[in-house]
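**Q** Here is what each chain is made of, one letter per residue.
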Amino acid sequence: MRSQPPEDTKLLILPTHLVDRLKAIATRQGVSLSSFAAESLEQALRANEMDASLSDAVDAYRLSEIQRGAGMVDVPRSSLNHLVKRLYAKKGEELRRVWGEAGRWYGEYLRAKLQPGEALGFLEKELLVAWNLDEAEIRESDTEVAVRWVSFTMTGEFTELLLSYLSAVMEALGFREVGRDSLRGMATLKYTRIGVK
Amino acid sequence: MLAADEELANKVAELASRRGLTVRQTVNDILEQALRVEEAGISLKEVVEERWMLEKAQEIGFTFVPEHLLYQVVDAAYGQGGKQLSENWRGVGRWYGKYFSAKTDKPLDAFKEAMGLLTFGASGFSLEKQKDDRLTVACVSERFTEGFTEVFSLFIEGVLEVLGYEVSDREVSKGIIKLKLSKRR
Chain X
1 MRSQPPEDTK LLILPTHLVD RLKAIATRQG VSLSSFAAES LEQALRANEM
51 DASLSDAVDA YRLSEIQRGA GMVDVPRSSL NHLVKRLYAK KGEELRRVWG
101 EAGRWYGEYL RAKLQPGEAL GFLEKELLVA WNLDEAEIRE SDTEVAVRWV
151 SFTMTGEFTE LLLSYLSAVM EALGFREVGR DSLRGMATLK YTRIGVK
Chain S
1001 MLAADEELAN KVAELASRRG LTVRQTVNDI LEQALRVEEA GISLKEVVEE
1051 RWMLEKAQEI GFTFVPEHLL YQVVDAAYGQ GGKQLSENWR GVGRWYGKYF
1101 SAKTDKPLDA FKEAMGLLTF GASGFSLEKQ KDDRLTVACV SERFTEGFTE
1151 VFSLFIEGVL EVLGYEVSDR EVSKGIIKLK LSKRR
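Sequence order for the protein chains is X and S. Following the working numbering, the numbering of the first sequence begins with 1 at its first residue and continues without gaps. Following the working numbering, the numbering of the second sequence begins with 1001 at its first residue and continues without gaps.
If you're looking for bench data, these hints aren't it; they were derived computationally from the structure. None of the hints are false.
Below, computed lysine-lysine pairings styled on BS3-like, alpha-carbon distance capped at 25 angstroms:
(1) S:K1112 x S:K1183
(2) X:K91 x S:K1083
(3) X:K23 x S:K1045
(4) S:K1178 x S:K1112
(5) S:K1056 x S:K1129
(6) S:K1056 x X:K125
(7) S:K1083 x X:K90
(8) S:K1131 x S:K1178
(9) X:K125 x S:K1045
(10) S:K1112 x S:K1129
(11) X:K10 x S:K1045
(12) X:K85 x S:K1083
(13) S:K1180 x S:K1106
(14) S:K1129 x S:K1183
(15) X:K10 x S:K1011
(16) X:K113 x S:K1045
(17) S:K1183 x S:K1106
(18) S:K1011 x X:K23
Let the sequences and hints guide you as you build the complete structure.
**A** As structure tokens, then:
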């Protein structure tokens, strides 16, 4: 005799091939198929509340993993701006240099961590999420890469530092800067592949 | 067939309708993606949690910076005039204190959560409520420089000052912040 489900439950139909994989994972985790599926549905709904899909969430997770691995920390933007402003007048050149060094290191790190062809897409997401920019776009054609970003709150000093950082990241990824147009909180940059004329 | 809690099933049905898909397609898509994540050895809960943390960090005006660069810049600025820098970090702390107070009726919990983001991977942070409205705060990291430890401790004090606490005992040295605070009468 088949037992009836409790009154406050609904039955969802699943294809057999999915059920087999779900069973395998649930068994590995020591939970029932129903609890594994319910937890997955709960998490998908939670992601949806943030206007994200599970695949967006996976991208964000990957971004955080890589950033953490590269020794990044989160700080209040206002404190960082204040620090940079204080130092920039006397030590602007040195700051651009150390930001550039950090960018070069990070570019090499991305090359080592990501599959070829993944880095530019990753960098675009990173600019938006981690650098908290309002807009960021990286477009790649056969001959060049165009980068455009906008921040409505970024200071002039910080804009210059981000430019140094980004160009160094790009260089480490194999792109040379060939064009730059920038204002406070805004930049359009062009790059070509190193070795391509 | 999968038996799901009615409330959960209804929410999934709403999601499906918003996406213009059938419930069956939506459930299959979600579980397919969940399986891909879990089969890659990652916990789906952790993944969604990380997404939430990133969103929170953006929302409260945080930005990522290479840790060593931050310490380098703080130390250089500290060497040029520690007092003004200290005031700035305390001021930013006060700003966040007001922000948390305006945003939630549990500002202390919101601050604790935010510190989880701030100290991202680098340090251990704890904030414990004691009896008689007392608080103990500890933050320890071997990587903090002397200058950074000092300004960071002032940031914490600034937040807690606005939340109605005053420092009764303070121990701050390179890489170690230990504060005891009591509710201001």
